[in-house]
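Chains A and B, in that order, are what the protein sequence lines are.
Under my numbering, the first residue of the first sequence is numbered 476, with each subsequent residue one higher.
Under my numbering, the first residue of the second sequence is numbered 31, with each subsequent residue one higher.
Hints in this document: simulated from the structure, not taken from any laboratory.
All clues stand as given, with none of them false.
With beta-carbon atoms standing in for the labels, derived distance ranges:
{"id": "1", "chain 1": "A", "residue 1": "N535", "chain 2": "B", "residue 2": "K211", "range": "51 to 59 Å"}
{"id": "2", "chain 1": "B", "residue 1": "K33", "chain 2": "A", "residue 2": "V742", "range": "55 to 63 Å"}
{"id": "3", "chain 1": "B", "residue 1": "F55", "chain 2": "A", "residue 2": "Q689", "range": "34 to 42 Å"}
{"id": "4", "chain 1": "A", "residue 1": "R556", "chain 2": "B", "residue 2": "Q155", "range": "33 to 41 Å"}
{"id": "5", "chain 1": "B", "residue 1": "P191", "chain 2": "A", "residue 2": "K596", "range": "20 to 28 Å"}
Chain B stretches covered by chain A per the calculated footprint, using a threshold of three residues with CB under 8 Å from any CB of chain A:
{"id": "6", "stretch": "32 to 41"}
{"id": "7", "stretch": "180 to 191"}
Derived DSS-like pairs (lysine-lysine); straight-line CA-CA distance at most 27 Å:
{"id": "8", "chain 1": "A", "residue 1": "K492", "chain 2": "B", "residue 2": "K33"}
{"id": "9", "chain 1": "A", "residue 1": "K684", "chain 2": "A", "residue 2": "K642"}
{"id": "10", "chain 1": "A", "residue 1": "K498", "chain 2": "B", "residue 2": "K150"}
{"id": "11", "chain 1": "A", "residue 1": "K538", "chain 2": "B", "residue 2": "K33"}
{"id": "12", "chain 1": "A", "residue 1": "K684", "chain 2": "A", "residue 2": "K534"}
{"id": "13", "chain 1": "B", "residue 1": "K33", "chain 2": "A", "residue 2": "K498"}
{"id": "14", "chain 1": "A", "residue 1": "K593", "chain 2": "A", "residue 2": "K538"}
{"id": "15", "chain 1": "A", "residue 1": "K485", "chain 2": "B", "residue 2": "K33"}
{"id": "16", "chain 1": "A", "residue 1": "K595", "chain 2": "A", "residue 2": "K534"}
Yeah, the Cβ is synthetic: ideal placement off N, Cα and C, and Gly gets one too.
So the chains spell out like this:
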Amino acid sequence: MFSRLIGGSKMLLGLHKPRRSLKIWPDDIFLVSFPKSGNTWTRFLIANLVFPDAPVGFKNIHKLVPDPYGTSKRDMERMARPRIIKSHECFEPRYPRVMYIVRDPRDVVISQYHYHRKCKKIEDGYPMEKFVDRFVAGDTCPHGSWGENVGTWLTARHNDPRFLLLKYEDMVADTQRELGRVAAFVGIKADSERIAKAVERSSADRMRKLERAQADECGLTKDSRKDLSFVRAAKSGSWQKDLSEPLVAKIEDAWPQLMVFLGYKLVTRGTAGQPAEFSSLVSSGV
Amino acid sequence: MLKRFIVGAERVLGFHAPGRNVAVFPDDTFLVSYPKSGNTWARFLIANLLHPQADIDFSNVNRMIPGIEVTRNRDLIRTPRPRVVKSHQYFDPRYPRVIYIVRDPRDVVISQYHFQRKRKVVDDQFPLSEYVGRFVSGQTSFYGSWGEHVASWLATRHGRPGFLLLRYEDMVEDTPRELSKIAAFLGVASTPETILQAVERSSADRMRTLEKSQAQLFSSTKNTRQDIAFVRAAKAGGWRSSLPEEHALQLDEAWAPLIRWLGYETVLADKEPVPEDQHAGLFVGERP
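Build the full structure now, drawing on both the sequences and the hints.
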């Protein structure tokens with residue numbers, strides 16, 4: 476009852492996190508991904524692009540590219556519009572426009588494993604095999620499995636003008652080019668100089684430095700182990716050395732069609748069966 | 031400010047319907063469908079099956095099978111477990127077990143059009159052509175478009191344990207058979223007699239009679255036009271006579287692969303044949 480009273484009072488003042496009750500405006504743009512797929516990096520890239528004069532860092536990212544689970548309702552409603560909002564939700568038809576980042580699930584699982592160690596959800600010796608089983612079952616986060624999260628968005632919005640698909644691997648390979656696509660989608664006229672500056676200000680090295688200085692001022696890193704960093708390798712393909720073949724096979728067996736569709740080459744299976752075809756499935760209606 | 035105070039107070043007391051924020055228990059089963067796809071009928075069937083001693087009607091069905099969009103949070107939390115919970119939500123990864131009812135979208139659009147007339151959302155003169163356009167783009171409900179809704183569940187859960195896909199049309203064709211599937215899925219002991227009894231107690235005729243005297247006691251019929259019935263035709267395929275072909279085509283064009291995958295005939299097929307394998311790789315698991 477007491478905690479409910481606090482909840483009710485916070486609600487009265489608008490200090491609560493709106494979460495799934497977020498009021499959505501027609502000009503909102505959402506930055507969506509399964510957790511550990513490069514969302515925070517992309518938030519930095521976008522914040523540096525949109526607010527070239529702001530000192531973008533971990534302590535203010537929640538106010539620049541807000542998170543309905545981390546930013547208060549009041550702050551969400553007082554922001555300049557159009558808002559660019561971070562989210563990890565599975566398909567949400569109320570989101571007017573969406574940039575969706577997808578990352579190779581074999582890398583995602585490693586990143587999530589270390590993040591859970593950092594957040595003290597698992598111990599250092601926690602068997603990777605057990606974690607992979609839980610990952611495949613969608614049991615490592617509240618946003619569905621990797622396949623559910625990616626699958627619902629592709630099924631509903633692939634090839635839709637309201638949807639921009641970004642691959643983490645492409646972003647690593649050519650950040651400048653991919654941020655250019657983001658700028659065009661968001662409707663920011665940015666020359667290559669402005670884009671290059673945003674890329675540089677969001678580099679892994681710079682983010683690591685900011686993390687060291689501001690870890691206690693950001694919900695993403697507060698109350699977690701400081702001997703493990705939030706900004707980790709910032710690379711793609713490390714599963715090839717960090718994940719044993721049987722564990723790779725478990726992931727590939729879970730979502731073969733989806734992985735092939737996205738261009739993630741399977742190494743433990745001969746065929747993916749019929750490739751998934753998302754483009755003609757659901758009309759955009761626009 | 032006053033409004034916020036009321037919302038805050040309602041929340042403290044648990045008087046709000048939680049909707050998408052509902053607290054999920056690990057032993058929950060959710061009865062999910064796009065609106066106007068036979069969900070209320072299925073609730074009657076299941077409630078009558080689970081509670082053969084009770085007299086299920088519009089006044090108590092919300093208590094037996096609570097709905098996250100209509101039932102107060104405190105009542106949802108106090109519902110005896112394991113719960114069967116009604117929901118119109120598009121994919122929610124938290125639902126442990128799901129009975130999903132799908133219905134031919136060409137019948138859904140007609141049913142929804144009349145329901146919106148009943149609820150005074152559209153007036154009698156509202157052109158059906160405009161309604162179909164809004165239906166296709168998902169503007170007629172809070173739950174996405176029909177295609178988005180159906181695809182979000184099929185792409186994630188179909189062919190996996192804990193998911194039962196039912197077609198409204200099969201339920202109309204052989205209600206005892208389909209209700210037996212539900213009973214098996216819920217792990218409820220049933221005999222042909224108990225199934226038949228639940229089917230009879232949930233017949234369209236009986237529901238129509240109940241509606242006449244209980245319209246003000248049920249969330250979906252309260253404060254709506256009483257000259258239009260909530261329990262309408264209760265048939266499958268009505269669109270063939272009441273939906274002009276141009277509108278049927280509009281729906282086909284939006285969702286042909288999905289419509290075909292579900293085993294519904296398309297109007298398009300006669301006009302431009304589509305290869306049979308177009309829908310083969312859509313989802314994991316058997317076509318219904």
